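Each residue of the sequence shown is one higher than the one before, starting from 6 at the first, in the working numbering.
There may be inaccurate statements among the hints.
[Said to hold, decoys possible] Across the chosen pairs, the derived CB separations fall in these ranges:
1. Ala87 <-> Ala176: 14 to 22 Å
2. Asn127 <-> Asp37: 32 to 40 Å
3. Ala138 <-> Ala176: 38 to 46 Å
4. Met6 <-> Gly221: 19 to 27 Å
5. Ile212 <-> Ala98: 35 to 43 Å
[As the list claims (entries may be wrong)] Pairs of lysine to any residue, SDA-like flavour, derived with a Cα cap of 20 Å:
6. Lys7 <-> Ala87
7. Lys180 <-> Thr202
8. Lys228 <-> Gly218
9. Lys7 <-> Ala22
10. Lys180 <-> Gly164
In short, the hints are calculated from the structure, not lab data.
Only a predicted model underlies this, so the values are computations on that prediction, with no experimental measurement involved.
Just so you know, even glycine gets a beta-carbon here, dropped at the ideal spot from N, CA and C.
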Amino acid sequence: MKIALLGTGTVGRMLGAALAGQGHEVTLGTRDPAGTLARVGADAMESPPISEWFTAHPGIGLARFARAAEATELVVNATNGAASLTVPARTGAGNLAGKVLLDIANPLDFSHGMPPSLTVCNRDSLGEQIHRAYPVAKVVKSLNTMSAALMMNPGLVAGGEHSVFVSGNDAEAKKTVTALLTDLGHTDVIDLGDITTARTSEMLLPIWLRLWGALGTPLLNFKIVR
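Please build the complete structure, drawing on both the sequences and the hints.
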């Protein structure tokens, strides 16, 4: 497939590399390509500089949000939660119409320090907000309950024997996402139901973050035993 990932952070780059490795045509979307390539990482998460990363991944494109999404079959929201409602608008409604919009972001609020809290929960979710804001797209929530490393390589933990969830109103869109997850190596894909079930996977983040702190590693995930 032709896939656009909105966002050039660690998650977008790692997942983009994994999807390109599966034979997909991948473009990362950004507000300012030249500015993005000039950016030098402020910490280890941004090392090496992004320009060096693109040199090492010559098959992955970089374009403004609208250009990245215009000819794609699937768009991935790989932005942080705070930008998740505004960045898709930069692609233009016509570039989202009828397409699967895979939302992997979480509504995290860092304004009160660590660990972050959720900006929305219980009666709403970020996935639902994106669904309402962009009704022309087929929004599917998934991959938001694990680190970027596990998104692209689930075998890093328990030989890949852990669970990933999908939520969305469109059955065919969820099938498309499920096939993508399977190609990445995820073996236990659980369809939670319509987009309102995104509330439940997003509300796993507080305990996931506490587990990271307790165990000292983000290489962890949930396994639903039945």
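Taking the hints in turn, this is what the structure says about them:
1. Ala87 <-> Ala176: 14 to 22 Å: violated (30 Å)
2. Asn127 <-> Asp37: 32 to 40 Å: holds (37 Å)
3. Ala138 <-> Ala176: 38 to 46 Å: violated (22 Å)
4. Met6 <-> Gly221: 19 to 27 Å: violated (37 Å)
5. Ile212 <-> Ala98: 35 to 43 Å: holds (36 Å)
6. Lys7 <-> Ala87: Distance ~26 Å between Lys7 and Ala87 Cα, so the pair is violated.
7. Lys180 <-> Thr202: Given that 20 Å is the threshold and the Cα spacing comes to 16 Å, the pair holds.
8. Lys228 <-> Gly218: holds (19 Å)
9. Lys7 <-> Ala22: Judged against 20 Å, a Cα distance of about 13 Å means the pair holds.
10. Lys180 <-> Gly164: Not OK: Lys180 and Gly164 at ~24 Å, beyond 20 Å, violated.
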